[in-house]
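*Asks:* Single-letter residue listing:
There are 2 protein chains.
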Amino acid sequence: MELLSALRVVEGSAFVAAPLGGLTLAQLGADVIRFDTIGGGLDYKRWPVTDDGVSLYWAGLNKGKRSIAIDLARPEGRELATELITAPGDNAGVFLSNFPESGWLADARLRARRPDLVYVNIVGNPDESTAVDYTVNAASGIANATGPVGSLFPVNNALPAWDIATGLNAVIGVLAAERKRNTTGEGQLVKISLADVAFTMVANLGFLAQAEVQHENRPPLGNDMYGAFGRDFATSDSRRVMVVAISLNQWRTLVKATGIEEHLPAMERAFDADFTKEADRYGARDGIAALLKPWFETRTLDEVRRALDAHGVCWGPYQTFTQLLDDDWRVAPTSPVFGDVDHPGIGTLRTPASPMKFPTEPPIAPVSAPLLGMHTDDVLADVLDLSPAEIGKLHDDGVVASAVEL
Amino acid sequence: MELLSALRVVEGSAFVAAPLGGLTLAQLGADVIRFDTIGGGLDYKRWPVTDDGVSLYWAGLNKGKRSIAIDLARPEGRELATELITAPGDNAGVFLSNFPESGWLADARLRARRPDLVYVNIVGNPDESTAVDYTVNAASGIANATGPVGSLFPVNNALPAWDIATGLNAVIGVLAAERKRNTTGEGQLVKISLADVAFTMVANLGFLAQAEVQHENRPPLGNDMYGAFGRDFATSDSRRVMVVAISLNQWRTLVKATGIEEHLPAMERAFDADFTKEADRYGARDGIAALLKPWFETRTLDEVRRALDAHGVCWGPYQTFTQLLDDDWRVAPTSPVFGDVDHPGIGTLRTPASPMKFPTEPPIAPVSAPLLGMHTDDVLADVLDLSPAEIGKLHDDGVVASAVEL
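Protein chains in written order, with my numbering: chain C, 11 to 416; chain Z, 11 to 416.
Interface residues of chain Z toward chain C, partial, derived using beta-carbon atoms under 8 Å:
no.: 1; residue: Thr156
no.: 2; residue: Trp325
no.: 3; residue: Leu334
These stretches of chain C come out as covered by chain Z in the derived footprint (C-beta under 8 Å, 3 or more residues):
no.: 4; segment: 23-37
no.: 5; segment: 208-218
no.: 6; segment: 242-253
no.: 7; segment: 256-263
no.: 8; segment: 364-376
Hint data in this document are derived by calculation from the structure and do not stem from the laboratory. Only a predicted model underlies this, so the values are computations on that prediction, with no experimental measurement involved. All C-beta atoms, glycine included, are put in the ideal place defined by N, C-alpha and C.
Chain C with its partners taken away, still in its complex shape (with noise of 0.2 Å):
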């Protein structure tokens, strides 16, 4: 069931946010092209790559589009280009790009050439100037809330999430101008800019509000939860595990599975609180933490796994990427999500479908990103209706190039 099948989208970009906006048009069923100039652009070689060079990174987020390969730096290439982003047709006329949007690129020189194209340009700020996400979020109030009680230092997250965030927002952007030009033939030009994603994020979740009427701005809290009792353990097998308690119920079920109930009434004495209220056990979250860390420290993960688990706690362990991989159901081959699909030049890898899930419908297998060029001369048969010696001449004149094996 591919909700998004007869949608046409041309992604030009290179990193985070663009690439993983086309990606998840492409898992929903869209077919996404995304053009890149011969050899790769800014991103084809990022880190992680494999022994042999090749980019986990860019396989990871370039999953189940179509790839063409076109010099760029040349004006038959970009006529090509615009000629694909332009091309006609119901579902078509839709461009992702994080490129700066001017001289061949620029709305009006392509909006001339298809006058409802939907075209979502994704910026650093607002002014267009360069932004990445690790800049913005020191900007964003974000890396300063973040790290150990006390810190005075900034703590970035090596989750890229403005990028993610931006990403999606794109998406958002691309499924919402297209919804309008189906209802009135107009088409749209969408500017998102990772600042503005960033900030408005920001003020949406009330950091900004807080700074703003309590003059306070949210200090780091470790491993804590703000407003609510939430906290990491160690267990007795040296791994950590983080617990929440958020609603009443939530807590009741925390107390009941750790057996701290009988200390709780001069607890609560001492700290002159009421745990039933979200607000006083965040306020007391000190003295919690105090009497459930020994329950934590004379069990293992697995114990500590079989009690919470019991009672329905909410709670998760810290894991590393290769306990993830190994250790958790939710990632495991046989979920509904992932699967082992070989990649090109890579070989096997977990690898996700969209996290979107249809239950009435057939689920969508996980698939590899293609290789760099691997779909030129497809898209340019299917797309631009060209024949085989047009194709032919184009490579003769090295305008564009085929996938050259990894």
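Take the given structure of chain C and dock chain Z to it, following the hints.
*Replies:* Frame of chain C; chain Z shown alone:
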């Protein structure tokens, strides 16, 4: 210009992901009706709160929605909510929820009332057991890859990145399923698990493949970027900045702005490296950082800013939320995305609209969240066509409630 102005979405939700999904749709012009039980749901009082206990978090995530308060513990209240969810209309019949898809909210029950319902249901784990952002992040491997070099402890991020990614995926689910319905007339149940979103993303970004193929868990790198040159530096006025040079062009601007060029040939020899290569710059990053450090340490943030901006270097200051609010043009009320908006019961807040911009259309102004139950009568009248007498009876019977001034 409101891309989604004809679309009506009913939201039954709490916490971050589902409310963020509704917010995103509302900011693009959809009529999003959030129903809550009288007195508010589990997230109605979540921190941060004002001195009067009004949740800044709730106010942030429910902007631009209509709010109806219904006693959901009573059959009459559940029937009313069911009627809202399944109300007729071409652009209606869309339900976004993170409530359990069971009992009165079971897909089969709702679909019996409206067969073409688009129902996007957010769950924790794939088996629908409980999971929250913090427990999923712990399991994802990301917390173990975050923090100081050599750290043995996981570090949680202050940003609920998986909630954000899940909420945005829910919007994609709504728009993709509704797109299909517009073509085929068929509705759809879409399930999105927080854990699936997190683990598929960790796979998409190559973290999992690195563990599988390279038998290497990405270690915590402090504030360094992985695979390219990116590091934070202290300035002479005790500020910190994040500096990034991914592309060769970014590297060249950084070298030029900081005047380290003359030392590079010797540094390249020392590290047996070629600094025109991204991987070599990453490998020699400690040497490069040692060259750069004195340049930053002897300049104030303003001096750093002027010099780096003059050369177009990719960088950003670390900021607290207060500094973001007070010092950053990107969130100033003069920006097209942010404005100062009065929020009932709170006062004036710097408030964002959608991060999506439509350059050829007038901007969409930011708005506040409703008071809980503010639109109870409006929604009953215009969605369910109830008469004033019928609405009055529902109030008299305590099945619905209006807004209470905060």
